[in-house]
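> Can you build the whole structure from these sequences, using the hints too?
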Amino acid sequence: MKFSIKTDQLEKQRSDVLVIGVYDSLKLVYDKLSLSKSTISHITSILKHGDMTGKA
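Numbering that gives the first Met the number 0 applies: residue 0 is where the sequence shown begins, and numbers increase by one.
Keep in mind that a hint or two might mislead.
[Stated by the list, open to error] Simulated pairs of lysine-lysine, DSSO-like, Cα-Cα distance not exceeding 30 Å:
| hint | residue 1 | residue 2 |
| --- | --- | --- |
| 1 | 47 | 36 |
| 2 | 5 | 47 |
| 3 | 11 | 36 |
| 4 | 1 | 11 |
| 5 | 5 | 36 |
[To be verified] Ranges between beta-carbon positions, derived for each pair:
| hint | residue 1 | residue 2 | range |
| --- | --- | --- | --- |
| 6 | 8 | 49 | 18 to 24 Å |
| 7 | 36 | 1 | 27 to 33 Å |
| 8 | 48 | 20 | 15 to 21 Å |
| 9 | 0 | 43 | 27 to 33 Å |
| 10 | 18 | 47 | 18 to 24 Å |
| 11 | 47 | 7 | 19 to 25 Å |
| 12 | 0 | 40 | 18 to 24 Å |
| 13 | 8 | 36 | 16 to 22 Å |
| 14 | 52 | 16 | 15 to 21 Å |
None of these hints come from the bench; they were simulated from the model.
All values reported here derive from a predicted model rather than from experimental measurement.
Beta carbons: idealized from backbone N, C-alpha and C, even for Gly.
Next up, the structure:
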């Protein structure tokens, strides 16, 4: 598996996967990310359904 970490502008990146940190409070830092409203809505739905948690 090949992976890399970049700090460039998100909208300029091409990738099959995006890793976003989720904390115990299940809050994301949306203002730091350039995500579309539909992407934010989808992630919020996943969090509400309990499909992803902020615990290891």
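> Next step is simple, just say for each hint if it's right about the structure.
Here's how the hints hold up against the structure:
1. For the hint pairing residue 47 with residue 36, the CA-to-CA distance comes to about 16 Å; that is within 30 Å, so the pair holds.
2. Distance restraint check for residue 5 and residue 47: the Cα-Cα separation of roughly 29 Å lies within the 30 Å cut-off, and the hinted pair is therefore satisfied.
3. For the proposed pair residue 11 and residue 36, the alpha carbon gap of about 17 Å is at most 30 Å, so the pair holds.
4. Distance check on the hinted pair: residue 1 and residue 11 sit about 20 Å apart at the alpha-carbon level, within 30 Å; holds.
5. Distance restraint check for residue 5 and residue 36: the Cα-Cα separation of roughly 23 Å lies within the 30 Å cut-off, and the hinted pair is therefore satisfied.
6. Separation of residue 8 from residue 49 is about 32 Å and departs from the stated range, judged on CB atoms against 18 to 24 Å.
7. Distance hint check: the CB atoms of residue 36 and residue 1 are about 31 Å apart, consistent with the given range 27 to 33 Å.
8. For the pair residue 48 and residue 20, the supplied restraint of 15 to 21 Å holds, since their beta-carbon distance comes to about 19 Å.
9. A C-beta distance of roughly 29 Å is found between residue 0 and residue 43, which places it inside the suggested range of 27 to 33 Å.
10. Distance hint check: the CB atoms of residue 18 and residue 47 are about 20 Å apart, consistent with the given range 18 to 24 Å.
11. Between residue 47 and residue 7 the beta carbon distance is about 31 Å. The supplied range of 19 to 25 Å is therefore violated.
12. Between residue 0 and residue 40 the beta carbon distance is about 30 Å. The supplied range of 18 to 24 Å is therefore violated.
13. Remark: the range hint 16 to 22 Å for residue 8 to residue 36 is upheld by a beta-carbon distance near 18 Å.
14. The hinted window of 15 to 21 Å between residue 52 and residue 16 holds, with their beta carbons roughly 19 Å apart.
Of the hints listed earlier, those the structure fails to meet are numbers 6, 11, 12, in rising order.
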